[in-house]
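**Q** The chain contents come next:
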Amino acid sequence: MKPTNIKNPEYFHKVVDCQYACPAHTPVPEYIRLIAAQRYSDAYMINWYSNVFPGVLGRTCDRPCEPACRRVRVEEEPVAICRLKRVAADNKDDISDRLPTVPKKKNGKRIALIGAGPASLTVARDLAPLGYIIDIYDNQFAGGGMMRSQIPSFRLPLSVLDEEVNYILDMGINATFDVQVDSLKEVLEKDYDAVFVGTGAPRGKGLNLPGLEDARDHVFLGIDWLASVAFEHTDKIGKRVLVLGGGNTAMDCCRTSMRLGGEDVRVVVRSPFEDMKASPWEKKDAMAEGIPFYNNHVPKEFVIEDGRLKGMLFEKVEALYDDQGNRSLVPTGEDLVFMEADDVLMAIGQENAFPWVERDLGIEFDKWDMPVVDRTTFQSTNPKVFFGGDSAFGPENIITAVAHGHQAAISIDLLCQGKAVSQRPPPLTNLASQKMGVHEWSYDNAVAPDLRYPVPHAPLDKLLKDRKLEVELGFDVATGYKEAERCLNCDVQTVFEEIRCIECDACVDICPTDCITFTANGPEEELRTRLSAPSTNLSQDLYVSAELPTARVMVKDEDVCLHCGLCAERCPTGAWDMQKFLYNVSRATA
Amino acid sequence: MSYQIPKFRHPGLPVNELGYTKAAYEGSISTLCAGCGHDSISGAIVRACHELSLEPHKIAKLSGIGCSSKTPTYFLGKSHGFNSVHGRMPSVVTGAAMANRDLLYLGVSGDGDTASIGMGQFTHVIRRNLNMVYIVMNNGCYGLTKGQDSATADQGSAGKKGDVNPFSAIDLCSTALQMGATFVARSFSGDKEQLVPLIKAAMSHRGFALIDVISPCVTFNNTPASTKSYEFVREHAEATGTVDFVPMREEITTSSRPGAAYEVTMHDGSVLRLYEDAGDFNPLDRRSAMMAMMNHQHDGTILTGLIYLNKNSRDLHDVLQTSHRPLNQLEEGELCPGNKMLVNINASLR
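Respectively, the protein sequence lines represent chains A and B. Residues 1 to 590 in my numbering are what the first sequence lists, from first letter to last. Residues 1001 to 1350 in my numbering are what the second sequence lists, from first letter to last.
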């Protein structure tokens, strides 16, 4: 193999598994260390710059970082990264003086943002400090988009959402709420320099089953129903509720039903439990509230008696998988199952819809009637129109929308400066030794087995009486510290300098997880068979040095490196050093 | 400064026939200087014991005094250990081995502990062919007392202070051959591919097995003028041949390559194979071994690898016809056979 080019910022970035997995690439270990140091405001600001909504995401993020966490390679559960983010948000001081200043004198460029969800707000946050004039249009009465309409208050208190939305709206953004944009053409005619579409995936999918016509008054689309609860148009539901679907919206629907008078609330899903789309913790929380899941039940029809909804019929199926892992649901042949219901909530998916985008604006639409959007620049085929969040490529999650927003802001900024949007600015990186003295590091390098700490919940009887009472209480400061100490500091990199190495093997001998091997070079596949420990995780790179005096190379398998620093402590010549790698995604800058 | 090794290990570590990973053979974190060759030897001992599937409680590790003699703390944490008196480790091993022949005795010593204060004990334990492995962690200086030249420092070599050693060196392998040792090897801490099979072979040898391991002292004796530095040893080492050790339990054909010049079946049924590239040298012949040693000394190179092996070694138990069972397994009736037996013995001596 060729020597690893550690000057390529993506090499060490990939070693920081959580940050690499995060769509917005938040520097996770950096803010976790600040939490351990009780520097909550500093930890919050790192998050705020990277993901814009730390308090919201600390409660509601899909946490792609956690399955990626290195800790799961040596222990059962990852660091509770998401909940640590909340610790920073809960314990921070007033940070208003740390927010970027917005210039009074604008740069003359006008940008329209359609929709005031996480993607649009991120664009606004990035562009307003650069002097752009930002107009936001949204059909809700306040900003936040789906964070306001679809996430129930028991998961995300309004005060948290309002605080973080207002940090942005207070940057002199011209927000027009309660307005439905019916024509993109009209917006474009206002002569904006760029238009960003962040309208989400607002259309819930429904099931057109026999009997729907008569049952219509008692059948609701999940996201619409959640919105009407959030906006206090709906405050009760029948005693027997069937929730169709197995995603996070279904989990929010069933739990909200329990709080609005539902007594026999059931989640009925076509797929097996393991295949349900909902995040594992959302399933767990719903089950903890006593909600049963009926898996492998395919809805067949609404049962109507005397012109009223009585219940639904379901067909029992079995999930079979072929060699490629493709699933088919095969009926078991048993009798149809009848379940009584007063109300039915359909949460089987949502999609984008652009009836308000005229098709003659130079925006190309694909065969699924979705706009063609560049995955890097988020530009549509009309150079002035950008898409981001769920409206770009279909439903994802908040953190993805934020990541889209950052990139779209860069594109808009480049466009307005007359530069090519394809010329992306490089990430900001820094690599600095953490050596504080002989065998002393600036970070807590001791690594110990330590199981994940559970987040305490409010008592269930109180929760079910008040839909606004937050379920999770968050870590207290002491538990937050303990959980923060579980972080392995993967951003503190093992940097190897071959000209200093005397090949004494001290690093090989001390490494607790046998990551390091000195051996003859070879092609990667073959080299992996000759390492000190089995090298089977091909998603993790090998760090290979240039050739050493004995004609061997140093090979380090990044897979289960604990970043404990022992290789560097035992190195007599300083060939190994622990260096903190800070990686900040490129940002729009004037 | 880390005082503990993290408890996590690589989840895919191979297990040996006893179901143990390498971790079962490790010890506490080393307190020696970073980069000390001794730590590599400890690592090689861990690997050898793991690969031989030895039961940790069937091993006794004994040492004298010095940096080398601290190392038993850093390996085989679940084995028996005795950190004895300076230069007197061989006597203590002799006593222990006489009392319990069932344990594997691993003596760890240094150049000071062996070639200076312990020289008398060293030569006599060789003469008696005590069944033990004797590893010398040889760095040519007294690291624990600030790096003075030791008795194995080569004439003309200089350590960190720069003073050239005026005295001729004691060559432990040559001395061992002179004293009648039945297994003599030399290796280098920085070459585990050679050291690990040698340790395994030494552990399978019935009788006294010496491995003189050159182990650079990074703090006091890893200088350009030293003949025991990493660089010098790498440049001047010449192996007698590569060694393959096939434990008794393994199918011999599987892990060994063809073309062995020597194939020796050890006392426990394992097989030692030597792949030769050192001319007419014969490691099964004492005169050839001594000649090779002298030739390399003359040329200023360091002969490493297996130097001598006596296949027909008779150890001290064989010679003294001691009890086949350890003393702790003998009943009172066997230990004190009674007056009648005493009368018989006395009568036989009249």
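Keep in mind the hints are simulated off the structure, nothing from the lab. You may find that some hints are simply not true.
Over 10 Å on every C-beta distance to chain A, these chain B residues come out as not near it, computed from the model [claimed, not checked]: (1) Gln1004; (2) Lys1007; (3) Asp1039; (4) Pro1056; (5) Val1164; (6) Leu1177.
Quick list of in silico lysine-lysine cross-link-like pairs, DSS-like style, CA-CA up to 30 Å [stated by the list, open to error]: (7) Lys190(A) to Lys236(A); (8) Lys1311(B) to Lys435(A); (9) Lys1078(B) to Lys435(A); (10) Lys1007(B) to Lys482(A); (11) Lys310(A) to Lys465(A); (12) Lys1340(B) to Lys435(A); (13) Lys1058(B) to Lys435(A); (14) Lys435(A) to Lys384(A); (15) Lys1007(B) to Lys14(A); (16) Lys435(A) to Lys1070(B).
The model shown is predicted, which means the values in this text are computed figures rather than measured ones. Note that CB positions come from ideal geometry on N, CA and C, so glycine has one too.
**Q** Check the hint pairing Lys1078(B) with Lys435(A) against an upper bound of 30 Å on the C-alpha distance.
**A** With a Cα-Cα distance of about 34 Å, the restraint between Lys1078(B) and Lys435(A) is violated, given a limit of 30 Å.
**Q** Classify the label on Asp1039(B) as holds or violated, using whether its beta-carbon is more than 10 Å from each beta-carbon of chain A.
**A** Answer for Asp1039(B): violated, closest chain A Cβ roughly 5 Å.
**Q** Given the hinted pair Lys1058(B) and Lys435(A), is their Cα-Cα distance within 30 Å?
**A** violated, 42 Å
**Q** Within a Cα-Cα threshold of 30 Å, do Lys1007(B) and Lys482(A) meet the stated pairing?
**A** The hint holds at about 18 Å.
**Q** Check the hint pairing Lys1340(B) with Lys435(A) against an upper bound of 30 Å on the C-alpha distance.
**A** violated, 76 Å
**Q** Holds or violated: Lys435(A) with Lys384(A), Cα cutoff 30 Å?
**A** violated, 49 Å
**Q** Please verify whether Lys435(A) and Lys1070(B) have alpha carbons no more than 30 Å apart.
**A** Holds: Lys435(A) and Lys1070(B) sit about 28 Å apart, inside 30 Å.
**Q** In terms of Cβ atoms, is chain A entirely out of 10 Å range of Val1164(B)?
**A** holds, 23 Å
**Q** Beyond 10 Å on every Cβ pair: is that true for Leu1177(B) relative to chain A?
**A** holds, 29 Å
**Q** Given the hinted pair Lys1007(B) and Lys14(A), is their alpha-carbon gap at most 30 Å?
**A** holds, 25 Å
**Q** Is the nearest Cβ of chain A still more than 10 Å from the Cβ of Gln1004(B)?
**A** Since the minimum Cβ distance to chain A is about 7 Å, Gln1004(B) lies within 10 Å and the statement is violated.
**Q** Does the alpha-carbon distance linking Lys190(A) and Lys236(A) stay inside the 30 Å limit?
**A** Judged against 30 Å, a Cα distance of about 43 Å means the pair is violated.
Hints 1, 2, 3, 7, 8, 9, 12, 13 and 14 from the earlier list are contradicted by this structure; the remaining hints agree with it.
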